[in-house]
Amino acid sequence: MGTSARKLIGTVVMLAFIIFYALFAMAAAEGRISEAPKLIQTLAYIVLGLIWIVPLMPLIRWMAKPDKS
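Going by numbering that gives the first Met the number 0, the sequence shown opens with residue 0, and the numbers climb by one from there.
FYI, nobody ran anything at the bench for these hints, they're computed from the structure. Idealized CB from N, CA, C, for every residue including glycine. There could be a bad hint or two in this list.
What the hints assert, rightly or not - Label-pair restraints from in silico Cβ distances:
1) Ala26 <-> Arg60: 27 to 33 Å
2) Gln40 <-> Ala4: 39 to 45 Å
3) Thr2 <-> Val53: 34 to 40 Å
Whenever a hint applies, use it, and build me the whole structure from the sequences.
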């Protein structure tokens, strides 16, 4: 598979994941987190804002892999 095809597929998968993750994060933030103390809320928002990177790192590495020539 060529680089441009991997990047196209990876971009579509990444966008779909981020949309679903954003909905999950909003639901989590609206639920129990909104009732927590301010320090816990801040930590939860930081974690929710950064944790999406972890499952996407293998996809990003795959997208950046050079072609086998």
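Original post:
So which of those numbered hints doesn't the model satisfy?
Top reply: Hint check: 3 fails alone, others pass.
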